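Number of protein chains: 2
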Amino acid sequence: MQTYKVVLNEDEIPRRWYNLAADLPHPPRPPLGPDGNPVTPDQLAAVFPMNLIEQEVSDSRWVDIPEEVLEILYRWRPTPLCRATFLERALKTPARIYFKNESVSPPGSHKPNTAVPQAWYNREAGISRLTTETGAGQWGSALSFACSLLGLECKVYMVRISYDQKPFRKTLIETWGGTCVPSPSPDTEFGRSILALDPGTPGSLGIAISEAVEDAVGDRSGKTRYSLGSVLNHVMLHQSIIGLEAKRQLEKIGEKRVHTVIGCVGGGSNFSGLAFPFLNDKIHGAEIDVIPVEPASCPTLTRAPYTYDHGDSAGMTPLLAMHSLGHRFIPPPIHAGGLRYHGMAPLVSQAAEEGLLRPRALSQLECYRAALTFARTEGLICAPETSHALCAVIDEAVKAREAGTEKVILFNLSGHGLLDLSGYERYLSGRLENHVLSDEELTASLAVLKDMPLPLSRQADR
Amino acid sequence: MQTYKVVLNEDEIPRRWYNLAADLPHPPRPPLGPDGNPVTPDQLAAVFPMNLIEQEVSDSRWVDIPEEVLEILYRWRPTPLCRATFLERALKTPARIYFKNESVSPPGSHKPNTAVPQAWYNREAGISRLTTETGAGQWGSALSFACSLLGLECKVYMVRISYDQKPFRKTLIETWGGTCVPSPSPDTEFGRSILALDPGTPGSLGIAISEAVEDAVGDRSGKTRYSLGSVLNHVMLHQSIIGLEAKRQLEKIGEKRVHTVIGCVGGGSNFSGLAFPFLNDKIHGAEIDVIPVEPASCPTLTRAPYTYDHGDSAGMTPLLAMHSLGHRFIPPPIHAGGLRYHGMAPLVSQAAEEGLLRPRALSQLECYRAALTFARTEGLICAPETSHALCAVIDEAVKAREAGTEKVILFNLSGHGLLDLSGYERYLSGRLENHVLSDEELTASLAVLKDMPLPLSRQADR
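Order-wise, the sequence lines are chains A and B.
Numbered by my numbering, the letters in the first sequence go through residues 1077 to 1538 in order.
Numbered by my numbering, the letters in the second sequence go through residues 1077 to 1538 in order.
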């Protein structure tokens, strides 16, 4: 029987997270406050608990995973490292294609890797209620799941377009005991202001973040904090478990070298989780092609400048050094709701600036085509977000066939698509369209950045 | 870190299926043809390929699993054996609760355990197209998945009520390349006859089976056969891999004795898969309480007679010796669509007659309540079918607390509920109702049995 799936024994599982900030050639730029000075931990304390703020600003290479967090994570971890032999055969490629199957978690994606530690650290800090935003719903359900297991309340502001497209995400969040409202909502001042301007707005992650932050900061009892599912350094830290496991699994089956690492990017968390431990090798001399893949409708890494911008639409968060389409950007309603964010994780943005990444932007239809190929060969139905990674994987595997090179491609199967079948339904019935951001739309969206301090670079033509 | 999840190495996985027929105190009664005589393999050859017919009538205790079937099954198998420590804690029970997590397969249930070998044996026999029925959609998607991986065409007749309740099951089936129509359909003579009588009928598994059999038998090219996801002996055989793995996993962590084995029953396949290897021990002297759990709205084992009856509504199949509510039974529209079958697997029925089982019937609301407890403690959202097993598990665990006995309970988490969230949504919003079969409805439904040969027993009051 051919080895298809690699598991790890308990003594082989990673017990520390990896922090790329310790190895980047240049240290990441700090978040700035409204006065243009770096924010202090105290200024963030109304939003996050101090133990997570310490992780956010940490430059330690390794951070121990608390035992109780490990106990929960290892209910579904280590996730299988699988070899896509059926896909390889269908593509007639000499490449060996491996993927980390993060879809096996109860919420169906990589998101609980950080939801569980975030809920745990908040509980340790005496917090009893978390607020958050969600796009496609993967993050909102993951946080509701984690809060349920750890005994916290959870309120989710879900981007309206996704809330309408995916009604069962709300049911999932509620089954785990959380509450879920469409964003913009009448529950916050910012939500009300947006609804007053445009009652039919599809919403955006930026708006939903503003609402969740306003809710947390506004709770006078001090028992509520905000939780973010991507973008921030501590989220990237928690996700590093994916790549750390993958390295041990590849080692275990004697794969000495990975040539290409691929993940889809919205805020950057699943990509970072897989790629950062490999970027460490790259920084120290290994030749690895590392490809973040974003939607052509929300081309943060490929067409937006590296600058300082807010993480949310209302401008309530500190300014983050990142690639950004402008914090008022409202992306087209593609099905990959988790990739519709105006910014990009500062650590991913910095890695791109350092020349460590080769970003790509792909359109919706080619991604669904790739997802269908994968479903009909490997049998797995991936999330619309994940289909972006898959499309790039197939491209690379075909190139390997044309070049006759026996390379190793590793990608992150960040989630399954069982709660996103409406996109597949539209694709199968020929009713799905592409959305590519026009130059005019891009220019209009970037206008909001003109008042930002320190425009760091312009890479619109890269 | 507490051991929660037990996996098996490749050299520990079962390579043979177990056949309970070899160990039952009395051999199972044969299927009968229209003339009242046992059907011959040749009479079944228009419906099933000969290699599966051989398995159907086999009395060998062990059957080798073909290498290529193993290779596919072990893409998600061995499924984890998990200990529900959070549920134990919430119930304050001294019982140790274990479950086999069959929901980790790509279609999300135990069904591909038999879909893959059935597709494989059909392909070996030169068949290129399979027809089938599906209730909740778990089986239809599993067969479409298996056909996709093995290169066969697949047509699914889906019970109308489920087709309407769960539109995304069709998308799932089509994503894997199968086709799916609501049953009764205009595609078959029997479907048209039912639609003519009652255009608004919710349909039933019995009707859908008739349509799928008619389609297969009617294909003059000889390249189409019918595939059944439960009830038959070869299906129970293929599912035995669940219990065989569970025994090795329990052994591996030093659990020497299982006191209670629980599974939900519709046609009987997931229950058999887990329970039959343990029934073997029971037949040979072990004390084990084995509990099949069915819905109170479709009480086949608890209120229906053990008799000969057709497997389908049109009376196209041979007569099977089984508990049956009558082949024209149309069950109430409960959400556990997979448990709405009028009959029960002959091997399960026979085991019940031998006194090896302690069947229970539970109502929908108490089962959803149990599912919610499980979701909010263990974090897993189970299928509505599986909630019946869970409800009985919680009952047994509470009894163990009251009696102060430290027993081991094992159950089958047969599938996840991510494609069945409409039931959860109705439950959470207080819009779900119970359906208990009245004595009058039962009597009316059993009337069709009066002409059957050999009524074997009457157990309505058991």
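Among the hints, a few may not be true.
Pairs involving identical chains hold if they fit within one copy or between any two copies, as the list cannot separate such chains.
To be verified - Simulated crosslink set (SDA-like; lysine to any residue; CA at most 20 Å straight-line):
1) Lys1526 to Glu1478
2) Lys1081 to Ile1141
3) Lys1475 to Pro1243
4) Lys1168 to Ile1364
5) Lys1475 to Glu1164
6) Lys1168 to Leu1226
7) Lys1358 to Glu1164
8) Lys1475 to Thr1161
9) Lys1168 to Gly1227
10) Lys1328 to Asp1087
11) Lys1299 to Glu1442
12) Lys1475 to Val1115
13) Lys1483 to Pro1409
FYI, nobody ran anything at the bench for these hints, they're computed from the structure.
Computed from a predicted model, the values in this text were never measured in an experiment.
Here is how each hint holds up against the structure:
1. With identical chains, the CA atoms of Lys1526 and Glu1478 are never at most 20 Å apart, being 45 Å at best within one copy and 69 Å at best between copies.
2. In this homomeric assembly, Lys1081 and Ile1141 come within 20 Å of each other (Cα to Cα) only across copies, at 19 Å, whereas the closest approach inside a single copy is 25 Å.
3. Neither within a single protomer nor between protomers do Lys1475 and Pro1243 lie at most 20 Å apart by alpha-carbon distance, with minima of 40 Å and 38 Å respectively.
4. For the homomeric pair Lys1168 and Ile1364, neither the shortest alpha-carbon distance inside one copy (23 Å) nor that between copies (52 Å) is at most 20 Å.
5. Proximity of Lys1475 and Glu1164 under a CA criterion of 20 Å is satisfied intra-copy only: 12 Å inside one chain copy versus 53 Å between copies.
6. In this homomeric assembly, Lys1168 and Leu1226 come within 20 Å of each other (Cα to Cα) only across copies, at 17 Å, whereas the closest approach inside a single copy is 47 Å.
7. Taking the closest pair of Cα atoms, Lys1358 and Glu1164 never come within 20 Å of each other, the shortest separation being 26 Å inside a single copy and 46 Å across copies.
8. Proximity of Lys1475 to Thr1161 under the C-alpha cut-off of 20 Å is restricted to the intra-copy arrangement: shortest distance 17 Å within a copy versus 48 Å between copies.
9. For the identical chains of this complex, Lys1168 and Gly1227 are inter-copy neighbours only, at 17 Å across copies versus 50 Å inside a copy, given an alpha-carbon limit of 20 Å.
10. Taking the shortest Cα distances, Lys1328 and Asp1087 sit within 20 Å of each other both inside one copy (13 Å) and across copies (16 Å).
11. For the homomeric pair Lys1299 and Glu1442, neither the shortest alpha-carbon distance inside one copy (46 Å) nor that between copies (34 Å) is at most 20 Å.
12. For a Cα distance limit of 20 Å, the shortest separation of Lys1475 from Val1115 qualifies neither inside one copy, at 46 Å, nor across copies, at 57 Å.
13. In the homo-oligomer, the alpha carbons of Lys1483 and Pro1409 never lie at most 20 Å apart, since the shortest distance is 36 Å inside one protomer and 53 Å across protomers.
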